[in-house]
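Visitor: Residues per chain, in single letters:
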Amino acid sequence: MTVLRAQGLGKKYKRKQALTGCTLEIEAGHVTGLVGPNGAGKSTLLNIAAGMLEPTTGTIEVCGGVPGSGPEQLAKVGYVAQNTPVYSGLTIEEHLRFGAHLNPGWDASLAEKRVERLGLDPKQQAGKLSGGQRAQLALTIGIAKRPELLLLDEPVAALDPLARREFLQDLMEAVAEHGLSVVMSSHLVNDLERVCDHLVVLVDSQVRVIGEVELLLATHHRLSGPRRDIDTLPADQHVVSAKHTDRQTTVLVRTEAPILDPAWTVARLGLEDLVLEYMSNPTAARPALEVLR
Amino acid sequence: MIEFHLDARSGLSPYQQLVQQVRHALRLGLLTEGDQLPKVKDVVATLAINPNTVLKAYRELEHDGLVSARPGVGTFVTATLNGASFAVLGPLRQDLRRWLGKARKAGLDEESIEALLMSTFRDSAREEIA
Numbered sequence: 001m002t003v004l005r006a007q008g009l010g011k012k013y014k015r016k017q018a019l020t021g022c023t024l025e026i027e028a029g030h031v032t033g034l035v036g037p038n039g040a041g042k043s044t045l046l047n048i049a050a051g052m053l054e055p056t057t058g059t060i061e062v063c064g065g066v067p068g069s070g071p072e073q074l075a076k077v078g079y080v081a082q083n084t085p086v087y088s089g090l091t092i093e094e095h096l097r098f099g100a101h102l103n104p105g106w107d108a109s110l111a112e113k114r115v116e117r118l119g120l121d122p123k124q125q126a127g128k129l130s131g132g133q134r135a136q137l138a139l140t141i142g143i144a145k146r147p148e149l150l151l152l153d154e155p156v157a158a159l160d161p162l163a164r165r166e167f168l169q170d171l172m173e174a175v176a177e178h179g180l181s182v183v184m185s186s187h188l189v190n191d192l193e194r195v196c197d198h199l200v201v202l203v204d205s206q207v208r209v210i211g212e213v214e215l216l217l218a219t220h221h222r223l224s225g226p227r228r229d230i231d232t233l234p235a236d237q238h239v240v241s242a243k244h245t246d247r248q249t250t251v252l253v254r255t256e257a258p259i260l261d262p263a264w265t266v267a268r269l270g271l272e273d274l275v276l277e278y279m280s281n282p283t284a285a286r287p288a289l290e291v292l293r
Numbered sequence: 001m002i003e004f005h006l007d008a009r010s011g012l013s014p015y016q017q018l019v020q021q022v023r024h025a026l027r028l029g030l031l032t033e034g035d036q037l038p039k040v041k042d043v044v045a046t047l048a049i050n051p052n053t054v055l056k057a058y059r060e061l062e063h064d065g066l067v068s069a070r071p072g073v074g075t076f077v078t079a080t081l082n083g084a085s086f087a088v089l090g091p092l093r094q095d096l097r098r099w100l101g102k103a104r105k106a107g108l109d110e111e112s113i114e115a116l117l118m119s120t121f122r123d124s125a126r127e128e129i130a
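So the protein sequences, as listed, match chains A and B. Going by the working numbering, the first sequence runs without a break in its numbering and finishes at 293. Going by the working numbering, the second sequence runs without a break in its numbering and finishes at 130.
Please keep in mind that the hints were generated in silico from the structure rather than gathered at the bench. All values derive from a computational prediction rather than experimental measurement. Be a bit skeptical, because a hint or two may be false.
[To be verified] Covered stretches of chain B, as calculated for chain A (at least 3 residues, CB under 8 Å):
1) 23 to 31
2) 61 to 71
[As the list claims (entries may be wrong)] Here are the simulated BS3-like cross-link-like pairs (lysine-lysine), alpha carbons at most 27 Å apart as the crow flies:
3) A:K113 <-> B:K102
4) A:K113 <-> A:K123
5) B:K105 <-> A:K76
6) B:K39 <-> B:K56
7) A:K113 <-> B:K105
8) A:K113 <-> A:K76
9) A:K128 <-> A:K113
10) B:K41 <-> B:K56
[As the list claims (entries may be wrong)] Simulated DEER-style distance windows between Cβ atoms:
11) A:R5 <-> B:S124: 44 to 54 Å
12) B:E60 <-> A:G270: 15 to 25 Å
13) A:R227 <-> B:R27: 36 to 46 Å
14) A:S109 <-> B:L92: 54 to 64 Å
15) A:F98 <-> B:L81: 20 to 30 Å
16) B:R97 <-> A:N83: 57 to 67 Å
17) B:K41 <-> A:E256: 25 to 35 Å
18) B:R23 <-> A:T56: 45 to 55 Å
19) B:R23 <-> A:D273: 25 to 35 Å
20) B:L12 <-> A:G225: 41 to 51 Å
21) B:R27 <-> A:T56: 58 to 68 Å
22) B:M118 <-> A:G65: 49 to 59 Å
Beta carbons are placed, not taken as given, at the ideal position from N, Cα and C, and that holds for glycine.
My request is simple: use the sequences and hints to build the entire structure.
Guide: Here is the structure:
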């Protein structure tokens with residue numbers, strides 16, 4: 001089942017083109033990491049999916065509906081925007097009451113229990129919370145509305161390591177408990193490696209690579225050996241990047257088959273290296289590769 | 001009950017690390033038949049990892065016949081992994097020591113020895129598969 005399907009999606013502001021021809025499909029029941037350089041269109045994509053922005057071109061379907069099409073659709077999608085904004089003049093309690101009022105499926109006991117467990121005073125004004133507490137409040141509201149899909153835009157970017165870990169622990173607990181799908185953008189690939197089972201690398205609005213993290217890691221290899229022409233590689237080895245010195249050739253290939261050529265020294269990549277390779281080689285001639293389960 | 005931990009620099013994916021830690025605990029006798037593995041929700045909440053990762057690790061252990069899941073209750077150890085006995089390990093260790101002595105005498109430093117060991121280990125593992 002697909003939880004998000006975009007087809008030729010684009011968004012143009014007065015002068016700036018923020019997203020162009022973005023086509024992608026995200027499966028339900030997963031935690032999907034969205035990575036890419038600044039300006040790739042990640043936030044715009046998430047904003048459109050949440051119904052906060054209208055696309056100028058293309059179509060998008062989220063949880064089987066059109067984003068922002070009505071209260072029913074809004075109830076299905078939770079969204080924690082960049083920098084986890086809250087109403088600084090309202091207390092925590094008021095935030096929860098607000099959430100209950102706006103969301104028909106609001107889980108009041110879940111929200112209250114979470115606030116209590118976080119050790120927050122319901123009477124406290126949100127403007128006086130620390131960055132970590134504010135993020136936790138935003139997450140509480142996102143979870144308590146019991147959405148099918150939770151969208152998170154750089155939720156942990158501004159948090160200290162401890163607050164970040166706590167936020168991700170709570171997010172994962174909610175995923176385990178309620179089985180919701182999550183799409184989360186982040187630059188922190190090490191975090192994503194722990195929490196995500198699927199990954200999308202977005203560069204210039206285009207999907208460079210998409211697939212299950214385990215499978216991506218298992219099918220990418222770094223080969224190094226004596227200098228050679230990469231056209232001599234077997235056809236089933238997709239070249240992601242290639243570098244040559246006068247004596248040595250290093251290639252990153254994606255293949256399902258084992259590497260049999262004894263001339264190569266084969267190494268596996270970490271997720272961070274894999275992501276960086278795709279981000280720094282956006283002009284590779286081959287189209288985006290899809291890894292299906 | 002054991003507690004899992006993750007090492008970002010181990011070179012193993014989180015799910016492989018979980019599998020390895022259970023197998024290790026079984027080998028060392030830290031886990032024996034009937035013991036319960038940590039609940040998925042608890043592992044997820046302590047390590048901040050994806051629930052599917054934990055499920056995948058538990059499924060693999062189940063597939064290997066080491067644990068079994070009782071729906072709604074938890075996952076329990078059903079077999080033990082007896083490591084090689086001391087009687088077998090002792091002589092092997094002596095052989096290895098003798099070999100290490102030879103390698104040092106031949107002028108290899110620690111790093112060269114390690115590289116040679118690892119590459120030979122990989123080659124022979126590969127030959128066995130092929």
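Visitor: In ascending order, which of the hints set out earlier in this document are inconsistent with the structure?
Guide: 1, 2, 3, 5, 7, 15, 20
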